[in-house]
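Participant: Chains as they are written, first to last, in this note's numbering: chain F, 1 to 198; chain D, 1 to 198; chain S, 1 to 198; chain X, 1 to 198.
If you're looking for bench data, these hints aren't it; they were derived computationally from the structure.
You may find that some hints are simply not true.
[Unchecked claim] Below, a sample of chain S positions facing chain X; criterion: calculated Cβ distance under 10 Å:
| # | residue |
| --- | --- |
| 1 | Q58 |
| 2 | A101 |
| 3 | R105 |
| 4 | G106 |
| 5 | P108 |
| 6 | N134 |
Cβ atoms here follow ideal geometry from the backbone N, Cα and C, with glycine treated the same way.
4 protein chains.
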Amino acid sequence: MSTAEDLARASRRLYALGWMRGTSGNVSVRDGSDILVTASGIDKSAVESADAVLIDDQGEALPGHSRRPSAEAPVHAAVIAQAGAEAVVHVHSLAAVEAAARWPRGVPLVDVEQLKGIGRGAHGDAVVVPVVANSQDMADLSARILAARDPGVPGVIVAEHGLYAWGSSLGEAIDRTESFDWLFDHALRLDRLQRPGG
Amino acid sequence: MSTAEDLARASRRLYALGWMRGTSGNVSVRDGSDILVTASGIDKSAVESADAVLIDDQGEALPGHSRRPSAEAPVHAAVIAQAGAEAVVHVHSLAAVEAAARWPRGVPLVDVEQLKGIGRGAHGDAVVVPVVANSQDMADLSARILAARDPGVPGVIVAEHGLYAWGSSLGEAIDRTESFDWLFDHALRLDRLQRPGG
Amino acid sequence: MSTAEDLARASRRLYALGWMRGTSGNVSVRDGSDILVTASGIDKSAVESADAVLIDDQGEALPGHSRRPSAEAPVHAAVIAQAGAEAVVHVHSLAAVEAAARWPRGVPLVDVEQLKGIGRGAHGDAVVVPVVANSQDMADLSARILAARDPGVPGVIVAEHGLYAWGSSLGEAIDRTESFDWLFDHALRLDRLQRPGG
Amino acid sequence: MSTAEDLARASRRLYALGWMRGTSGNVSVRDGSDILVTASGIDKSAVESADAVLIDDQGEALPGHSRRPSAEAPVHAAVIAQAGAEAVVHVHSLAAVEAAARWPRGVPLVDVEQLKGIGRGAHGDAVVVPVVANSQDMADLSARILAARDPGVPGVIVAEHGLYAWGSSLGEAIDRTESFDWLFDHALRLDRLQRPGG
């Protein structure tokens, strides 16, 4: 299967998980010295390999593409360059956005097996998933994400927006996205249990 | 793929999203000077192109159809005529109905990226999704929806009923329906976080 | 498609909706003077036409079947005989069971469009879905359901158990099951909104 | 279908139910005097028969496999040996983990039909699903699970981790896993109903 087909299949899977509603979200994967990213404004339930657009390491479309890359392509390019990632997933996970609203200075996660899914320990390893403010300026948003990034945490939540997660392969980026969403849902459930009327 | 096949596929997709249970919901799309709409009372999990019925711009079935159009066809026709839409989606989204119960004078939405999915700004752009009372008189219901309609908001919630959303294509109407549902779910989650026992 | 194939397909669909977990639930449909019902204790995700068992109007298996009918077959037979139904769906819907716990003397439903999905009015038509106590004696359970049955409501909740719903065809019984589940979910959501810490 | 194909299909099904996100979870089934278990760290949405690894009754991989068995293989082997099970399912069910947080000394279940899905009575049969502390030492975790095990309950929750459930066949282990998840969700819903702001 080609890299473009991998990207298309990943998009359809993330749509089916409920995290790419209304054309939201995008996926990228390094392809040699360039990067393949999903095209702008497309329905993620029906992405095909022709919807993968080649961009340079600044997020600019390479010549010869009729499709415009996702507006968030520069963020993908920046994360790949600076975080040493091979693939980046951006999703509008409701659990991620709600968790960022509940814990705006960073989402604390600790003592749960699923933390191993983001490369951390299941016991006594206090993780804080960084939360940054949203922005429509992609250079600004990239800078915020890279500045807030914790080298030991493969993702950042953009408040009032969604999650960026990454990995050393497209598969790993997807697996970690699934783990982050599970962890945020779990943290919100435990938080409700501890409230008086929870 | 024909327009009728598009309509059938859209219905099956919206059923799978959980918004067309028990034969509820309907979809329409302009076809030349006429309109194709789903037939009345059909199971939306198995809609086929033969279930698309041609109506005129008043919502009346054109001669030659053995199927009766959805009872809500006049509302679809009115929205297409007055809102300048090419396609209309009507769904029984639980999040939409709950949001209308929580905010009966209009559902306030602000400061969240997914607002771009309904054509609005992600920051500082206060949107109010109109809410109208339900009616079994389709002329009455159409008039209420058109009177309450905000030209900058491509949808209206009918209280105790469901959501109408529209767009310049069937795909756009579906994408916006997905965004509305996400936004209502998000608003209800934030609202619960702010309550004492949330 | 044969009646047995219809029954198998219906079971797989109701499993996919989450209402037949762990071999729970069963479906029946009249077939001439007999009744076809799902076999006992089978995984509903993979029901095939060979899993449909023919029973008489008392719920007893007819000769020549190697499969045992569902233990709840007598309840299906009784509802078909007494409620004039052609098909019966029994599901372990969490919303139904929670609603019966919240409103043990009957689940009140009023003023919502989806009520038309169970044959009632969208406005000012106060419906109470009967709730009966659970029993392991099928004659006893059938009697309770028939005694509590409201001729204007095509379903009864068995407390601490699940929902029975019926209709004049298998399709109608499924559609009504979907509407009941939506209505119970909706009622529980509105109830939570009205509580102090909702 | 071979046993390895059964194992692969079971994994994909449990992934689709939402309980194996981010490579979490694993499944095993006895195969003669050996045990087949899912390989370590694989995406459960795409498990194939080649991902089934043969282990001995201590959970050690047999020679000739290029794939490493799941790190939790020794727990599977211990449960099969000591609980007399033919198959074991381990899932990261959010409902199981939340229930263990709510009832850390064991999750009480009583008076609900779905209890029959785990071999217990629907009325007046008080069940407590054991909860044990999590551990990264598989011998330790196995010992805890076996010590806490109730012979009348075919599963144990590992707190801050997930559920182990077993049965006399792979199908029965899956069915019981579905019943446990339903029962935990149900118990948490009733618990919320009884709280002041529930």
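Participant: Now tell me if each hint is right for this structure.
Facilitator: Tested hints:
About 23 Å separates the beta-carbon of S:Q58 from the nearest beta-carbon of chain X, more than 10 Å, and the hint is not met. Taking 10 Å as the C-beta contact cut-off toward chain X, the hint placing S:A101 at the interface holds, the least distance being around 6 Å. With its C-beta approaching chain X no nearer than about 15 Å, S:R105 sits outside the 10 Å limit, and its interface hint is violated. At its closest, the beta carbon of S:G106 sits 16 Å from a beta carbon of chain X; the interface hint therefore is violated under the 10 Å criterion.
The beta carbon of S:P108 comes no nearer than 16 Å to any beta carbon in chain X, farther than 10 Å, and the hint placing it at the interface is violated. Checking S:N134 against chain X by beta carbon gives a least distance of about 6 Å; that is within 10 Å, so the hint holds.
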